[in-house]
Each structure stands twice: as structure tokens, then as C-alpha cells.
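Colleague: In this note's numbering, the protein residues as written are 3 to 1021.
Hints are not guaranteed to be accurate.
Result set (DSBU-like, lysine-lysine): computed pairs, CA atoms no more than 30 Å apart in a straight line [stated by the list, open to error]:
no.: 1; residue 1: K237; residue 2: K48
no.: 2; residue 1: K7; residue 2: K63
no.: 3; residue 1: K7; residue 2: K34
no.: 4; residue 1: K329; residue 2: K257
no.: 5; residue 1: K860; residue 2: K824
no.: 6; residue 1: K860; residue 2: K804
no.: 7; residue 1: K34; residue 2: K48
no.: 8; residue 1: K804; residue 2: K824
no.: 9; residue 1: K913; residue 2: K887
no.: 10; residue 1: K228; residue 2: K267
no.: 11; residue 1: K263; residue 2: K237
no.: 12; residue 1: K400; residue 2: K379
no.: 13; residue 1: K400; residue 2: K263
no.: 14; residue 1: K254; residue 2: K267
no.: 15; residue 1: K913; residue 2: K836
no.: 16; residue 1: K894; residue 2: K913
no.: 17; residue 1: K894; residue 2: K824
no.: 18; residue 1: K379; residue 2: K278
no.: 19; residue 1: K226; residue 2: K237
no.: 20; residue 1: K321; residue 2: K254
no.: 21; residue 1: K897; residue 2: K887
no.: 22; residue 1: K267; residue 2: K400
no.: 23; residue 1: K263; residue 2: K321
no.: 24; residue 1: K228; residue 2: K257
no.: 25; residue 1: K321; residue 2: K354
no.: 26; residue 1: K603; residue 2: K660
no.: 27; residue 1: K824; residue 2: K866
no.: 28; residue 1: K836; residue 2: K866
no.: 29; residue 1: K263; residue 2: K226
no.: 30; residue 1: K887; residue 2: K400
The calculated label-pair distances, taken between Cβ atoms and stated as ranges, are [stated by the list, open to error]:
no.: 31; residue 1: V874; residue 2: L845; range: 21 to 27 Å
no.: 32; residue 1: Q382; residue 2: P820; range: 55 to 61 Å
no.: 33; residue 1: V874; residue 2: E949; range: 29 to 35 Å
Hints were generated in silico from the structure; no laboratory data involved.
The beta carbon of each residue, even a glycine, is placed where N, CA and C say it ideally should be.
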Amino acid sequence: MIRRKIDSRIRVLIENGIHLGHRSLLIVIGEKAREQVAILHHLLSKATVRARPSVLWCYKKELGFSSHRKKRMKLIMKKLRAGKASINEENQFELFISSTEIRYCYYSETHKILGNTYGMCVLQDFEAMTPNLLARTIETVEGGGLVVILLHSLHSIRQLHAMTMDVHSRYRTEAHQDVVARFNERFLLSLASCKTCLLLDDELNVLPLSSAVSAIDPASAEAKQKVASNATELKQLIESMSDAPTVGKLLKQCKTLDQAKVILKLFDVISENNLKHTVSLTAARGRGKSAALGLAAAGAIGFGYSNIFVTSPGPENLKTFFQFVCKGFDALQFEEHIDYEVVQSVNPEFNKAVVRINVTRGQRQTIQYIHPTDAIKLGQAELVIIDEAAAIPLLHVKQLLGPYLVFISSTVNGYEGTGRSLSLKLLQELREQSSKLTAVSKSSSNISAENFKFQTVGGRTLSELTLSESIRYKPGDDVELWLNQLLCLDVTTVPKVSGGGCPPPEHCDLYYVNRDTLFCFHKASELFLQRMMSIYVAAHYKNSPNDLQMMSDAPAHHLFVLLGPFVQNSNNIPEILCVVQVCLEGDLSKASVHSSLTSGKRPSGDLIPWTLVQQFQDEDFPSLCGARIVRIATHPDYQRMGYGLRAVQLLQRYYEGKFPALDDPTTSAIDIVPIEFNMSSHSNEKKRGLLDEHVSQRKKLPPLLSRLYERSAERLDWIGVSYGLTETLQRFWARSQFFPVYIRQIANELTGEYSCIMLKTLNTDQPWLIAYWTDFRRRFISLLSNPFSHFPAPLALGILAKPNLQMLNAQAAAETTPLDRKELAVYFTNHDLKRIEMYSRNLIDHHLIVDLVPSIGKLYFLGKLNINLNAVEVAILLAFGLQLKNVADLGKELKLQSAQVLALFNRIIIKSIQCMNEICETAVECEFGIEKQPNLQIASLQRSLDEELNEYAEEEKEKADRQHSIQLSESELKMYRIEAIEQSMLEDVEQRTVTTGKRKLFKKKKSSKKRLRKQNVQV
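Build out the structure end to end from the sequences listed, making use of the hints.
Modeller: This is the structure we're talking about:
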């Protein structure tokens, strides 16, 4: 074997990683890439000043060599006898295999290596890798270690783009077979951004990946000093707390300064003994959250806490927690079997995981594991620790909160996805309660203690802690930054939308996103992709890195974004208001459908067609083409403003063909841009070597965003959605006229929600959807009594509500036959009707008709019982009749008293028995030939009695006024004038004086007429 000198850049890169505590990434291409692992491990062992680094070797199925020592020696001797191997080559690799601690692991079993740390990680069989596996394995490497990716099946970098990944088989469907490996292209282009990455051939020659690797200088003294300063600060903190009996001993177990500060804060909360305090601990993967909680639990035992409960998705997840509890006990000088006892589970499914630690030193104390659903067992708890709360349904996490101290930890980003529902929902509620508590405490200086206690009841004090420094490597690790950018892991903060106000939804437009341009690793497209993923993460329960590869490579998936008005010629990237991910499904042949139904096996993809063909046994539906809305996410600052509804409306109009394409109609709907490479040499492809290839970004790319009329839409028959059923989402899709056709009877293990499928036809002349909805509605009514009995009444009513469509109402009215006496006798006997009649008259208790209420409810919701009920009465009938709830639970749900619920229930029974009596009377009349007389029919009056009396009174008044005006004419009123009265009076006086001989008592005044005129004027 010819000895050759290795490029000095490899040695400098490894040494810099050791000095700075950072990892290095090496990618080896070629048939003999595996043999170079021994040389790289030798360089790593020579540069470090500790024991030989351990190795994690991950592969798909076949390792390529035997990991068994005796079998390996037999193979070597066999090759030597055949002359197929030299002694030096085999001895070098054999020495590496024999003298190194290597953990061989299948890719399918990488979940077993969680929590372990290795000095070197070797990844072969690149075609079997996924983003989840990439992040999971790289995370196990310590600072100063190596990550080696072997591409022994490639002879050129160009082949990486055309490589068929194993996961692509799940992306292909019967109608969509062409997969474009955009993720591989972005992976290769992203390597140039990693400063600690080298691309090597199988002879350890450095390939010209980017200009950054042309010269690698040794780490500066300032960088080394900065790393040492953090360790010095940690030592100083530990020395300053050495006098504390409990805290000082436990701080010595901390690995980072962040972890030590978090433990100090946890001890402060524990020492306060405030049972209404919640501490949230959030961090990325590998920051030491479980270790910090384990040390805090050991410290709580030292502070005298007796009942400590810890919960997680499973007891296997608490391996690190209980391990550091025991380390804390050792630091506190507790002895196992004397001061404490570790109890393991006897359940074979838990693999002898630790479930309890009993402490008997001084007093009896316990650290007990409970299942997340056993919140009722926390009656005597003093401290409850919730580890990995993001993997527990949010409803269960809320139930675990109570009158005791609570520690919550969650992973906000990492290979297992993000726990944004925890931070956005639960922690937001706790922040609001804590802020109200603080505001009350500040403004209550003049309030009595009783009033203050009343105002803060139910509120909890919240303390939020974060861990940023990794346990395994130092801050500023370039491999971590590269991995976070590649897999969009660190996008938990959504950027604020610039500008004041928000545009009206009707002014916003939907744009199609070209995936070739989105995943080309251009600076602008990367920023746009990061913003899209941040909105995804903020709007959904869990996002996995595998979702990114599906979004980039799956041929049936398409992306749309809703944008407000913006200037197209500006250099600014438009702000995203809403993101929509669509998957085309259907267009299946009847032969494949028939074979799937007969064999009972369902191919991957086409979620809605395969689910509904099993639900309704209709082999014609899968042949229709449709689009499933995989995700629709709105910017968190603009939720509940109508942007999501606007996006759905525009998407529906687009697939209905209301945006005619202005381009050439022969252009394909899916534009696939071929992958291009820039080569420095123009010689024949066979003569090109790895050293001649230069990787660079593509220059000719289509626009990132296209208006809907710039791209021809696929011809579809339906548009659907599958989502976790909640009352808010159900109302959203119902407003868009979507029909529910399927609800899964088993809840999701993570979210606790039930999957619901809703459809909407794009052609209104297709009656199949109404038939599906009618059949689903009938099934759902029957299932409300068992699997869906805990649904809130508003949610169940929203599912059963009839959409406001004329076609639906006409067909439903035609299909629904009225209830007759024979059908009524199937549900109720004469004695049953008598009992209902007696309860309607308040002569018996409601318990005597409980067995009859389900039949009444079923007849009403099937449209057989023609009675009018208000919204509250309908909810009560559904809860009583279909969900079989009791009065107390229903009163709490509807916020009514039990007496009010029973009063409304009695009104429902009165209306029901009246309708049934009419049916019975009609049957008797038909049987004896009795016809109702028309005059016996009771019809409602057009006007009430008061209205008629008022009308007659007004007519009589008008008539009297007319007669009175006729009688009082002008000639008859002359005798009532004032002059005539005075003249008659004077004449009468004069006549009397003449006859009596007396003097005049009155004197005639000449100016009487003038005075009368003046009085008339004044009047």
C-alpha cells in the first residue's frame, strides 16, 4: 500500500473542533469510502487527549462487513488465501474495528440511542436517510467529534440529485409517479454554508465544495479563551454556592452555566413553598432539561417534600430524569437500599423502566410516576413534574394543573417536532393569569386581604425558563446552525408583519408557489421558506422535519400563499398572511380499488379516497379527482380576521376554472425544471472527476410566485380536508359549505382529537356528496351514545346541522318520509305514549321516561318528528336523547341550573307528545273513514280582536265628527255672537224699566263694537 500525505485542512478542522468544542461534518464519496473511516478516527484519537472516542455506526440493512470478531477473522483469512486482499489494508480496518467501541444500529432502531453520546457518528446508505434520522443521529455527537456521511454508491456529485430515496415510494401515488429530489439538491447546496464541513473523495482529497474550504486556519486564541471563560464562570458559581448544604452539592452535577442558573431558580421556587406557582422550562433538544428536573426533584426531597409526582408520555422517556435523581441522591450522600429504594415496572411493555423511588431517610418520601390521564390521583401531591409536555395532549396537561407546585418542560424544536401548542395555548393562558395576578397585586394596596384573595383565586404565578447552551457541545456550533437552517428547526418565532394595519381580505390574492425555486437555496427563497415554516409551526400541534421533505419532493403536493397588496418591482419579500398546502388525490383505476378492497390492504397516499371507499363501499368515488387541503395556516397576528376563509374561497374558484390561464393551454400544470450544474471543465462526462465538479445554484429558474391566472388548474371534482375535530375548526369549514362525511372513532394519541373528513363538490350537479352526508349523519346519530358521548353539545349540533343549500334541502325533503302510525309503533307502544303524556302533565318524574328519550331524539334529528325547538332545547334533546348525559353534567355544560334544564326538557316532551297524538288521531280518522270538515279547521286570524275594535272606534269617531260639523253651520251660530247678546239684554232691561218705573240700571255703551274687535284681535 502506497503511503500518501493527507490534506492538512482535515487535520486542522478536527483540531479546531476539539479546541472550540464544536463538531465537524465530513462527507466521503466513492467506493472505498468505508475504509477511510479508520483513518479519520485515527486522526480524531490522535488530536484528542482522552480515551478513544466511541463510534455510532448507523445503516439500513446490510453493514457490508461482519461485526462479529470470529466471523470477521474467517472472512479475512478467506480473502487472503484467495489473494483478494492485502494484509496491510485488512489489518488497518481490522485494527479499527477491534480496538474501538462501536455501537451498530439500524436506522429503524435509532430511537434507542436517545440520550447517548458518541465521539464519532458514521452514516451509510444515504438513500435510506430521512430528515428525522439525520437530526436524531447527529445530535448524539459530542463537541469535538466527527459526523461522517458515506456515499460509497456515487461516482459524481451530480448523481445525488438523481438518487431515488426510500421515502419516495411513499410519496408516489397511482396518478402521480414523477418525484423530483429537491431536498437532496438543497441538502448539497446547504453544505457550502457550513464552515466546518468538508467534501472528500475515497482517497481523502478535499473537493471544491465552496471557497470557504480553500483555506482553513487554526482556531484563534480569543476563541479558545472564550470557551474557557464559560467553564470558569460555572466553576465560580459552584464555588460561591458551596456553603449551601443542598444546592451546593447538586450544582456540582451541572454541565453548563445555563443549567446551573436554571437549577438555582428551581430551588428558589421550591424553597418558597408556593403551591400556586408554575415553572415552564423550554429548550431545544439536548440542553439538559430532564437532567435539571431530576436534580430539582432530588433537591425537593432534601427540602422536605413528601409526595412528588412525575409524568411523561411513557416511563421510558424518564430514563434520564430518574438517572439524575439518583445522581442527586449520591451527591446528597444518600445510600441506595438504606436511604432510598428504586422500584422498576413489572409491565413487559415498559422494559423494566423506573416508575418509583421510595425515600426512607428521616421521613417517608416518594417520587412516583403516573400516567398523564391519571390526574385524579394527584390529591395529595406537593410537586408535579411534567416532562415532554408537548407530546401529551393539551387537555390532559390542563387537567394536571392543580393546587400544588408544577414544573413543565417541553422541547420547542428538534427532530421530534415542535411543541408550539403548549407554548401558544397553555403558556399563553398561564401568562394571562399571571399578568392579572400581578396587576391586582399592584393595584390592591388599599384592598383588604379577603378581597385580594377573592380576586386572585384560580390564578397561578408563572415563571418561564429557557436553556440555550447544549450539554454535548459548546455554543456557536456550525453543524447545529447548518442543521437548523436545513431542516427549518429554529423557526419558533414568527416575524412581525411590517407596516401599520392589515389589508381587507377581499383585497388579498392567492399565489401559487413554485417549489423548484423555493428549494433552490437562494437567499431570498430561503427567507421566504423560513417564514412559511414559522407560520406552519405556530399554527399546528406538531411539525416534523420529514414534513419538509414531503413538501419539497412529493409530486402530488402544491403550495399556495395569500398575500396582501404589494409593489411587485420592489426588492422586499412580501409578507405572508396565510399558507395553504394542497395534495391532489383520486384518479384511481377500478382494478386497483377492487384489488385493495378484496385484499384489505391500502396503498400509501390518497387519504380521502381510500378512507371513504372503505367507509361507504363505493368503488366509483376513487375514480374522481380531488384536492385535499393538507394544511392551512394563518399568521398568528392575523388569525380570526377572515384571511383563511378568503384563501379557501380563492382556492375553490381556482379549481372550478374561474381563473382561466393566460399562457399557452398546452403548457403542463406541473412545471419541472431540470437540475443544472456549473462545470469548470467542458470535456466529456466520462472524463469528469469529482475534482472538476463545482456545485452552484441554478441560474435559470421560474418565478417564485405566480398569480392564479398564470397557471392552468387541474380538473377536479371535489375539494376536501382532513383535520383534528374541534368546535372552532368545524365552524370554519362549515362556513365554507364543506360537508362532514367521516369521523374517526379513535382519538389521536398526541392531541386527543378525532380525525374528521369534510368534502365539497366543485360541480353542483353531482348528488353523490349529499348521499354520503345523509348516510354519515345517520351513523353519527347512532354513534353519539358511545364513542362521541363526551362531545360538547355545540360541536355535535354543528356536525348535524344542515348546510343552507337549496339542492340539499330539496333532496332531503324528497327523501324524508313523514312519520306514520305504523312507524311510530316501532318506537313506542301505547303504554309508552301514556307515560310521555303523564310526564308532559307533570304527573310523574322524568326518570320514568329516560328509556324513551333516545327514540324521541333519533326521530327528531332524522327529520321524522315535525316539532319546532329553539337552540337550547335542541341541545338538551341531543345531550339527553343521543349522548345520554345526566342533568348535572348538562347543566354545567350549558351553564344552567338543573331546574331550568328540566323545565326546558318538559317543554320538549309536551311538543313531542302533541305531534305524536296528532299522528295517532290521523291514523284513527283514516281507519274509520272520518274526514275533517273544512269549517272545523282552526285557522289563525289575520287581525287580533284589539286591532278590530280600534279600527271600528276610529270609524265611529270620524262619522260623529262629520255629523257635528254639518249641524254647526254659520247661520245657526249668529245667535251666539257677543253683539247680539248685548243688544237683547239692553232691550230686555229697557222694557222692564218702563213697566216698573224705576231708573236704568245699565247704560248703553257706544264703543262696545270697537272693544269687541280688540278682544277678537287679542284672542
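Colleague: Next, verify each hint and record whether it holds.
Modeller: Verification of the hints:
no., hint, result
1, K237 to K48, "28 Å, holds"
2, K7 to K63, "34 Å, violated"
3, K7 to K34, "17 Å, holds"
4, K329 to K257, "13 Å, holds"
5, K860 to K824, "17 Å, holds"
6, K860 to K804, "16 Å, holds"
7, K34 to K48, "23 Å, holds"
8, K804 to K824, "27 Å, holds"
9, K913 to K887, "21 Å, holds"
10, K228 to K267, "25 Å, holds"
11, K263 to K237, "12 Å, holds"
12, K400 to K379, "15 Å, holds"
13, K400 to K263, "27 Å, holds"
14, K254 to K267, "16 Å, holds"
15, K913 to K836, "15 Å, holds"
16, K894 to K913, "25 Å, holds"
17, K894 to K824, "39 Å, violated"
18, K379 to K278, "18 Å, holds"
19, K226 to K237, "17 Å, holds"
20, K321 to K254, "21 Å, holds"
21, K897 to K887, "15 Å, holds"
22, K267 to K400, "23 Å, holds"
23, K263 to K321, "23 Å, holds"
24, K228 to K257, "17 Å, holds"
25, K321 to K354, "11 Å, holds"
26, K603 to K660, "38 Å, violated"
27, K824 to K866, "13 Å, holds"
28, K836 to K866, "20 Å, holds"
29, K263 to K226, "23 Å, holds"
30, K887 to K400, "23 Å, holds"
31, V874 to L845: 21 to 27 Å, "25 Å, holds"
32, Q382 to P820: 55 to 61 Å, "60 Å, holds"
33, V874 to E949: 29 to 35 Å, "32 Å, holds"
Checked against the numbered hints listed earlier, the structure breaks hints 2, 17, 26; every other hint is satisfied.
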